[in-house]
Amino acid sequence: MSMTLDTNKKIGIFLVCAIILAVLPFAVGSVLGNAWVRIIDFALLYVMLALGLNIVVGFAGLLDLGFIAFYAVGAYAYALLSSPHFSIHLPFYITIPLGALFAAFFGVLLGTPVLRLKGDYLAIVTLGFGEIIRIFMNNLNAPVNITNGPQGINLIDPIKVGGVSLGSTIEFAGLSFRSVYLYYYLFLVLTVGVVIMASRLQHSRIGRAWVALREDDIAAAAMGINIRNIKLLAFGLGALSGGVAGGLFSSFQGFVSPESFGLLESIMILAMIVLGGMGHIPGVILGAVMLTIVPEVLRSVIGPLQMNTLGRMVIDPENARMLLFGLALVVMMLVRPEGMWPSKRRKAEFRHAKENAAQKG
Amino acid sequence: MDTFLQQILNGLVLGSIYALIALGYTMVYGIMGLINFAHGEVVMVGAMVTISVISGLTHFGVNLPGPVLLLIGVAVAIPSCMLLGFVIERVAYRPLRGAQRLAPLITAIGLSIVLQQLAILIWGRNYIPFPPVLDHDVVTIFGASITTLQIFIIVMCFAIMVGLLVMVERTRLGRAMRATSQNPSVAGLMGVNVNTIISATFVIGSALGAIAGVMVATNYDQAHYYMGFMIGLKAFTAAVLGGIGNLGGAVAGGILLGIIESLGAGYIGSLTGGFLGSNYQDIFAFMVLILVLIFRPSGLLGEKMADRA
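The listed protein sequences derive, respectively, from chains A and B. For the first sequence, numbering that gives the first Met the number 0 assigns the number 0 to the initial residue and increments by one for each residue that follows. For the second sequence, numbering that gives the first Met the number 0 assigns the number 0 to the initial residue and increments by one for each residue that follows.
Just chain B, with the same shape it has in the complex (with noise of 0.2 Å):
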């Protein structure tokens, strides 16, 4: 029961953390019908910055509580990755819109491949330790335990998240990007900007991005210029079982994910006799996609329809 309790909180940090990032993916798809490749390496850039800059700060002799430098790191890269995501918008998503589909595929391939070399020029090949600037504290729940940065990683996405859904229903930006989700044109008849609003929702998608970067690397304690791949594609599930293009299913979608994720780990050692062990995880989440896009193509949350291309 212990192993339960424990695992069911595992996947609860995993999943808040995918549901940030799904959140980013289903947006963009929800507004352009594409899936932005590149976001995973958004992530990555978020946690590599705020490690470079708590450690620059820290070889200055900047002498300041861990979390204020922590809370610093996050503040230049939430406008860094902000500025990525615009970037990327701009160069390998606006000059193809209305071409052919794979065109905006390869180049988001392409740019998630210099994106991950000039990591590798900035940050090298090695995994990048986070710097130790918080506490873990270790609370127990029922036998089960979890260090309070955890419990701060969960409570901050359900903070974000319902900032996000308050935004996109009640302001007057939310409601030009439903407008341009629904019908481009129209919208733009409407006197949206619709440029705008497509550069806004990359920009908004980055940020929460950059945040899920920070929280991965404090959660794992380090960072690689890979890790936006695999995290990346995970948060992609997230995404498609909620339903694309609804932010209420990528949240559903990323706290299931995560769930069954660490589920799964937890017990296929034991389910299979000792024949898969937890070095499987991985493939959990490329099942669950599989299987969910056989059985409810249109995800937990998503509407029913006809074609998806």
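Excised from the complex, chain A in its bound form (with noise of 0.2 Å):
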């Protein structure tokens, strides 16, 4: 697709996405309602999640379960310096590069211990780290109350840009802006950002490095490249995106408790990697979108066609979500196992890899 197309198309395409982009959220609002936008701004942030996770996954080959630890870590450290909890309230852009640096400290600090690990070892080290994590989160309110416990940590400041909170409306050009919508131009610019780290990320040295550490370690230690670095390099990386996504995802719900950094947004997240393609930006992205609107469309779509057509609730909708996408894993990974947008390396891996299945036997 992108082989063929001269430059002027391509620069009609960026426009055409970035109209859309921008009026994106009145459109939505207008027609589905605000409840929609508030959505699609939760699409933006997993879609930073994802990325920052794809990063490592998808990348450095590192299979990490215990990534919603991080995005947890970066929202924390945002709740705690930006509510009355402490009565600390200090400017979102001290936070949120504190929160994420904090976060890629973590992300270090586990990456280190799981230097020697792989596949299946490193999946269950991740996710039994994050567990930890949550079980402080918890815990950590009795006999010195650090994190509140289980009820959370309330009322945390919105972020405010230049005096303007963003927790608020505003009168602009003749249009209201909602809370929402401001905070979806906000995550909208971010994640642009983060698109743009990733992808330089990955056509830079730093980023051949970890497809020769993905495809093969040794190999990769024998060119020189520093197996060490590079992995503690994309744990940094990986979590720092995340503590961003968790410091603005703190002040965009106001609210924050360990329930909502459980295993299950871990694998959700994971989820999205592997669905969308692993290690190619755009698919990461369609994942990401997919997995946050699709559940979304099911819970407004599974109660009244129950009520319609069978006049009773059979099945409640959340337990019908949940079942729906632990089918949707399964048999994705059956019958398309490189992912809805692979990148055209892993599809020819795939084939690659079936061909030799069939020849076997």
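Please note that a few of the clues may not be correct.
Said to hold, decoys possible - Far from chain B, some chain A residues (derived; all Cβ distances over 10 Å):
| hint | residue |
| --- | --- |
| 1 | Phe85 |
| 2 | His88 |
| 3 | Gly151 |
| 4 | Gly161 |
Claimed, not checked - Across the chosen pairs, the derived CB separations fall in these ranges:
| hint | chain 1 | residue 1 | chain 2 | residue 2 | range |
| --- | --- | --- | --- | --- | --- |
| 5 | A | Pro83 | B | Leu82 | 49 to 59 Å |
| 6 | A | Leu333 | B | His135 | 43 to 53 Å |
| 7 | B | Gly97 | A | Val330 | 15 to 25 Å |
| 8 | A | Arg177 | B | Arg93 | 25 to 35 Å |
| 9 | B | Leu82 | A | His202 | 48 to 58 Å |
| 10 | B | Leu82 | A | Pro149 | 35 to 45 Å |
| 11 | A | Lys343 | B | Tyr266 | 34 to 44 Å |
| 12 | A | Leu333 | B | Val61 | 37 to 47 Å |
| 13 | A | Pro149 | B | Asn125 | 10 to 20 Å |
| 14 | A | Ser299 | B | Phe3 | 51 to 61 Å |
| 15 | B | Pro128 | A | Gln150 | 23 to 33 Å |
| 16 | B | Arg96 | A | Phe171 | 53 to 63 Å |
| 17 | B | Leu82 | A | Val330 | 13 to 23 Å |
Think of the hints as simulated: they come from the structure by calculation, not from any bench. Just so it is clear, CB atoms sit at the ideal spot from N, CA and C, and this is done for glycine as well.
Taking the hints as your guide, dock the two standalone chains into a single complex.
Rendered as structure tokens:
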């Protein structure tokens, strides 16, 4: 697709995308209501998270099942530094970078002991790490109340840009920008930033080192790649994006509690990458958007559908949603393990693997 | 001193259950080199089915002594879980044999979610109390107390483990399993039906899981759709601690982990001056897991391997 397009067409596509993204909240808000703008905001947050995890899993091939821990660290860092909980109200341009750095520190902290682990082992240790973080958040309310335990932290400050709070409605140029619209544009800018970072990284010397590491770590080491540093860099940078998304989540939601950071969330983000197309940035974005929007659509469809066809609720929508999610994971892996929109390279790898398997019988 | 002995006894009960579940993980890992993420759900289903059978029987006015009811419940739960284990292997693992490593992991997680959600559909989201079919007579040993049920759990676990070890070491099926775990293709050339052996491994592991599930439910007097996750994770830790793929290791690892956990939970309060309490019990397993993987990735009884992937 991209090979045959000339520059004019590329600019055209870019402009069309930019216009669509710019008017999206107004279009969605007026047709479907503001609740859906909120869902789109969450989709952008998940795109950031998925791209962060994609650095670790997709680029470097390190299977991480505890990624949500870094999101949690970022979220709690923001919550503790901008809420009445400690009566600290630092501005976002301090708290978000601080939260991101803190998350990156945790990423390296986790990365160091697990440098020698691969595959399933790494997955289960990172899963354990995520649980440890969650258990601490749940219990660090006594004897010194740091995280306020399972109740979580409330009344977190919204982000203020130049004295204007994103938590309020702003009238500008005859349009009224609600809070969800304002956050949309903030998230959009940052998501574009993360996309650029991820794609620049992918095509850099570091990105090529990650690919080498993913394909064969021994050969990569023999080629002079410092395996330790490159792994830690992947963990650190992935966690950094997770931390940024966490801080944004905190300010957007106004409330954090350990419940938002369970294993299922980690699985959800991993699923976005795997179902979208691991290591392929457009695929990952597609996966994140799909896995945020489709469950919400299901949530609003399953209930009424049952009432209309069966006359009663047979299965509650939350239950049905998760059931379908689980089934989707299984079916997708059996039918199309390379994901919805894989990169050319991965597609070829999978075809190759399939042919090999077929030859072996 | 009494606390010490008490925690050791508690740990022994917990540990023998971990060991039983860990055997399921380690057998599958030994043969296929994969972690069966859905194994915890098999444990949960075992507990749930037993409870349902017992409540069903009492509901229809079947008047039998408690232990007999329990026995009937277990007798239904074991084949149900065996079937479940068989299906899990067929759906999540067999079609993906030889595929990239991530794929079976994701299907297993997907199946895990499906099983949990089905459990919610059937049994609801709340904790289900275990029917009062057993007396909890307390026996006091050197000032520490243990129930007869817990003694029974420990004895049963050891009997089953010895049975399994004998089966693997002495029978034809056991020999075929060992051959398959060493080298599936050569085992196939020697006339072993590798597919049957893999199915058998899942089925046997699931039977052990079902029994363990009942033990967990009787010990805590309740069951829950999510109970399989944490206990599965801990049992996996036990398997790694003992050296994954090694049956004796799974047993040793399970018991050791149970004791570490109870001692940790019992003493963490006084060790940290009251800063951390027994609500941190769950982090010990993860700490042990991480420490073992850093310092001795082959586990206590595992063979040294150059590279685990």
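Review point. Checking against the hints above, which ones are violated?
Key: Violated hints (numbers, rising): 8, 11; every other hint is consistent with the structure.
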